[in-house]
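Number of protein chains: 2
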Amino acid sequence: MRIILTGAGGFVGRHLARRLLARGPNGGRVERLVLADLEPPAFDDIRVRRVVGDLSDAAVRARLVADGADMLFHLAALPGGAATRDPALSRKVNLDGTLDLIEAMAAAHGGRTLPPRVVYTSTIAVLGHPMPALVDDATPLRPAMTYGAHKLMVEVALADYRRRGLVDPVAIRLSGILARPGGATGLKSAFMSDVFHALAAGRPYICPVSPAATIWAMSLDRCVDNLLHAARVDCALMPAGGAVTLPALCVSMGELIAAIARRLGADAGLVTHVPDGTLEAAFGAHPPLLTPAAEAAGFHHDGTLDALVESALATL
Amino acid sequence: MRIILTGAGGFVGRHLARRLLARGPNGGRVERLVLADLEPPAFDDIRVRRVVGDLSDAAVRARLVADGADMLFHLAALPGGAATRDPALSRKVNLDGTLDLIEAMAAAHGGRTLPPRVVYTSTIAVLGHPMPALVDDATPLRPAMTYGAHKLMVEVALADYRRRGLVDPVAIRLSGILARPGGATGLKSAFMSDVFHALAAGRPYICPVSPAATIWAMSLDRCVDNLLHAARVDCALMPAGGAVTLPALCVSMGELIAAIARRLGADAGLVTHVPDGTLEAAFGAHPPLLTPAAEAAGFHHDGTLDALVESALATL
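Chains as they are written, first to last, in the UniProt record's numbering: chain A, 1 to 316; chain B, 1 to 316.
Just to be clear, a hint being listed does not mean it is correct.
[Claimed, not checked] Simulated crosslink set (SDA-like; lysine to any residue; CA at most 25 angstroms straight-line):
| id | chain 1 | residue 1 | chain 2 | residue 2 |
| --- | --- | --- | --- | --- |
| 1 | B | K92 | A | D221 |
| 2 | B | K92 | A | G241 |
| 3 | B | K188 | B | A107 |
| 4 | B | K92 | A | L89 |
| 5 | A | K188 | A | A261 |
| 6 | A | K92 | B | V60 |
| 7 | A | K92 | B | P275 |
| 8 | A | K92 | B | G165 |
| 9 | B | K92 | A | A261 |
| 10 | B | K188 | B | A106 |
| 11 | B | K188 | A | S56 |
| 12 | A | K92 | B | A106 |
| 13 | B | K188 | B | A314 |
| 14 | A | K188 | B | R14 |
| 15 | A | K188 | A | L114 |
| 16 | B | K92 | B | G202 |
| 17 | B | K92 | A | H109 |
In case anyone wonders, no lab produced these hints; they're calculated from the structure.
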């Protein structure tokens with residue numbers, strides 16, 4: 001199996017690359033893994049090929065698909081905060097460049113019988129906010145940020161590509177992945193990861209949402225489990241549009257902070273809350289989440305808050 | 001008021017241009033009307049400026065928006081059948097070129113306080129098929145053709161443009177407009193218009209769907225009424241996404257043929273039916289349609305089948 005992974009230099013991409021080199025999505029061996037990003041990670045492994053560059057550049061896309069591939073994990077994206085600051089760049093990367101890449105991959109695949117699987121990381125930002133009292137698979141998709149709008153547009157395009165037989169796409173909508181590396185990442189939801197780093201380091205942390213703020217969360221390792229499942233899931237198990245909101249635990253920041261402190265034997269009092277109303281409305285007001293479509297297709301969340309925290313701390 | 005109208009050479013565009021020159025959307029006088037198309041119609045009117053060209057050409061878009069405008073009616077599109085045959089061209093015209101035009105218009109508008117109104121003609125093809133037993137404003141949007149997919153992607157983009165304050169968009173989803181000119185137009189739904197022309201000319205007609213086939217229909221004049229209403233409707237009356245499925249009459253082809261024959265004193269027996277299963281499934285299996293959101297915002301269908309037929313025959 002020959003795999004292309006975009007966004008390979010990112011937090012989720014690096015972890016997925018490591019897991020893919022250990023074992024292919026179907027249990028078999030990965031023959032070649034093309035890692036694409038502005039700074040793709042280096043692995044001492046002859047199966048790895050690095051493609052350095054911006055996917056909005058046609059020459060970079062051409063190099064990426066040149067040798068053909070059986071599968072694409074498309075994780076590369078301009079994240080939410082950065083997309084809001086520069087919507088034109090978001091269009092170039094998150095919409096136009098993404099469609100161009102997938103069309104180029106399909107064209108390069110050309111002669112083969114089965115269209116290549118494309119695993120696309122969409123986002124719960126396609127749901128928009130304010131959210132209804134309960135979110136389930138019937139909740140209308142009304143993105144409230146440019147990032148979510150472009151991700152939803154690609155979901156619609158992928159369903160069309162499937163009908164046209166260009167690719168065999170599976171789109172999964174990710175919640176907050178814990179714990180991302182500290183520091184500025186362009187993600188407005190960074191607070192839910194920053195609290196892990198602060199407590200692990202015994203540093204005080206000013207949390208920009210209240211203890212009552214609710215988030216949807218998944219550990220990095222469980223996220224990668226779900227990406228690997230998306231790579232092999234029978235598309236007949238997926239809903240009509242080919243996109244699912246992944247299961248995630250709905251937890252309050254207060255519960256999360258207490259669970260991290262408990263696990264680390266740290267002082268939860270290191271965290272003080274200075275809520276930013278806009279941020280809390282957009283990222284800290286998540287209602288209960290029901291995801292029967294994803295569960296029927298075999299996707300899972302972390303099970304319990306303690307399991308999530310343990311898993312997140314293990315990959316810190 | 002200075003207005004740009006794309007797709008001005010089309011069936012709906014020509015009629016809209018005539019109506020706009022007679023009276024502006026708000027009852028006032030139109031100061032300038034820019035008519036854009038590959039072959040825009042000529043009017044002996046100093047207010048009219050013609051821009052000839054393809055909107056996927058940046059130079060054409062620049063000429064179109066150069067002098068600024070208060071309003072854009074964006075009707076230009078590669079129609080459904082043609083879009084299915086050439087999805088790459090559909091992307092260029094119906095998606096990329098459309099977004100580029102609206103962004104260029106917003107950029108040209110720049111300094112002014114209020115963003116310009118954009119009336120966008122979307123389509124019931126965003127709903128997809130097979131349709132549920134009843135379609136209403138909560139029906140999920142799952143386009144089954146490239147044309148509908150691209151139209152839906154633009155709807156999502158327009159909602160984002162509104163949030164960003166670039167333009168003030170209203171998207172209306174059109175049903176079958178009766179009666180389009182005869183002959184090949186690239187529209188798979190041409191049969192519902194062709195039957196008017198055949199009966200008016202006393203010609204036999206082989207209808208590619210059964211008498212029981214159901215369609216959603218609106219007369220040309222009522223369609224233009226709705227376009228003009230979209231130009232002035234208060235966006236606070238529109239649903240969150242800024243797009244509505246327009247009210248339309250749900251009628252069977254048998255009822256439609258009988259009503260046309262009755263009105264013309266023609267022989268309904270001129271029409272024989274040789275149903276094409278694929279075509280009937282896609283264009284002749286429309287369930288009852290409820291459009292409370294559009295009605296609350298002041299949009300209307302023709303009222304009765306006889307009124308629809310009379311109006312359609314008047315513009316034949």
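Could you work out which of the previously given hints the structure breaks and list their numbers from low to high? 1, 3, 7, 9, 10, 11, 14, 15 and 16
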